[in-house]
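J.: Going line by line, the protein sequences match chains Y and R.
Its first residue numbered 26, the first sequence is counted upward by one per residue in the working numbering.
Its first residue numbered 641, the second sequence is counted upward by one per residue in the working numbering.
The reader is advised that the hints may include incorrect statements.
Far from chain Y by the CB rule (all over 10 Å, computed), these chain R residues [claimed, not checked]:
| hint | residue |
| --- | --- |
| 1 | Val644 |
| 2 | Gln682 |
| 3 | Gln685 |
| 4 | Ala693 |
| 5 | Gly701 |
| 6 | Glu703 |
| 7 | Asp707 |
| 8 | Gly709 |
| 9 | Ser723 |
| 10 | Phe729 |
| 11 | Tyr743 |
| 12 | Ser746 |
Facing chain R, from chain Y, some residues (calculated, C-beta under 8 Å) [stated by the list, open to error]:
| hint | residue |
| --- | --- |
| 13 | Pro33 |
| 14 | Ile63 |
| 15 | Gln66 |
| 16 | Phe70 |
| 17 | Asn76 |
| 18 | Gly77 |
| 19 | Glu81 |
| 20 | Phe86 |
| 21 | Pro95 |
| 22 | Leu129 |
Below 25 Å or equal to it, Euclidean Cα-Cα: the simulated DSS-like pairs (lysine-lysine) are [what the hints assert, rightly or not]:
| hint | chain 1 | residue 1 | chain 2 | residue 2 |
| --- | --- | --- | --- | --- |
| 23 | Y | Lys82 | R | Lys696 |
| 24 | R | Lys647 | Y | Lys28 |
| 25 | R | Lys749 | R | Lys647 |
| 26 | Y | Lys103 | Y | Lys87 |
Everything labelled a hint here was simulated from the structure, so no lab data went into it.
We treat Cβ as the ideally placed atom computed from N, Cα and C, and that holds for glycine.
Residue strings, one per chain:
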Amino acid sequence: GPKVLQIPSHQIIDMGQMVTLNCDPVSNHLYFYWYKQILGQQMEFLVNFYNGKVMEKSKLFKDQFSVERPDGSYFTLKIQPTALEDSAVYFCASSHWGTSQNTLYFGAGTRLSVL
Amino acid sequence: GDSVTQKQGQVTLSEDDFLFINCTYSTTTYPTLLWYVQYPGQGPQLLLKVTTANNKGISRGFEATYDKGTTSFHLQKASVQESDSAVYFCALVESPPNYNVLYFGSGTKLTVEP
């Protein structure tokens with residue numbers, strides 16, 4: 026089936042540095058999402074993105090977070106600067122339409138470890 | 641706000657056992673309820689969804705229904721196999737206008753022993 030690829034699978038970074046998580050969504054999808062999962066807890070919505078713009082974001086999407094998809098390349102989540110509480114697995118997802126109308130396809134996640 | 645509670649963190653069964661996993665939810669809208677399955681090393685993938693209370697979703701031998709009266713949502717399978725070992729997440733998506741957010745439960749890790 027359709028695949029969402031996330032690069033890298035694991036990233037280790039020092040607190041205060043910048044990190045960019047990359048997502049290669051399904052090729053004809055129009056909506057893109059990031060979810061965050063702290064170990065042992067549920068996946069929580071961060072942000073969704075459509076037509077070059079953030080459509081919705083949660084309170085977890087702090088000012089230090091940003092997303093973009095320049096020229097149809099990777100959909101990225103940038104955190105600058107990182108904090109210890111940013112350590113989590115970040116899942117990217119894409120869908121052709123909005124959530125209730127179509128299926129979200131998730132990547133395998135990027136495990137971010139902030140030291 | 642919307643939330644999903646999935647209390648069974650781990651379930652261990654033997655092959656051909658009956659599976660039943662339950663979630664409860666809280667929402668002020670008319671939600672679609674979903675089950676996702678995550679195999680080791682992969683992202684969550686949609687298993688099935690139910691858009692209307694008391695309707696049944698069926699996929700790959702799994703069934704799910706949701707009960708609006710008790711605000712509960714369950715997943716069942718008559719006879720599990722070792723290949724069903726995975727983490728199962730229940731999730732909720734609201735009806736419009738705020739329909740672009742999935743709310744997940746914390747997951748149930750199913751281990752099926754041969």
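J.: Hint by hint, note whether the structure agrees.
T.: Outcome of the hint check:
no.	hint	result
1	Val644	violated (8 Å)
2	Gln682	violated (5 Å)
3	Gln685	violated (7 Å)
4	Ala693	holds (15 Å)
5	Gly701	holds (18 Å)
6	Glu703	holds (19 Å)
7	Asp707	holds (20 Å)
8	Gly709	holds (22 Å)
9	Ser723	holds (17 Å)
10	Phe729	violated (7 Å)
11	Tyr743	violated (7 Å)
12	Ser746	violated (4 Å)
13	Pro33	violated (14 Å)
14	Ile63	violated (10 Å)
15	Gln66	holds (6 Å)
16	Phe70	holds (5 Å)
17	Asn76	violated (13 Å)
18	Gly77	violated (16 Å)
19	Glu81	holds (6 Å)
20	Phe86	violated (12 Å)
21	Pro95	violated (22 Å)
22	Leu129	holds (7 Å)
23	Lys82/Y - Lys696/R	violated (32 Å)
24	Lys647/R - Lys28/Y	violated (30 Å)
25	Lys749/R - Lys647/R	holds (11 Å)
26	Lys103/Y - Lys87/Y	holds (11 Å)
In terms of the numbered hints stated before, the structure departs from hints 1, 2, 3, 10, 11, 12, 13, 14, 17, 18, 20, 21, 23, 24, listed from lowest to highest.
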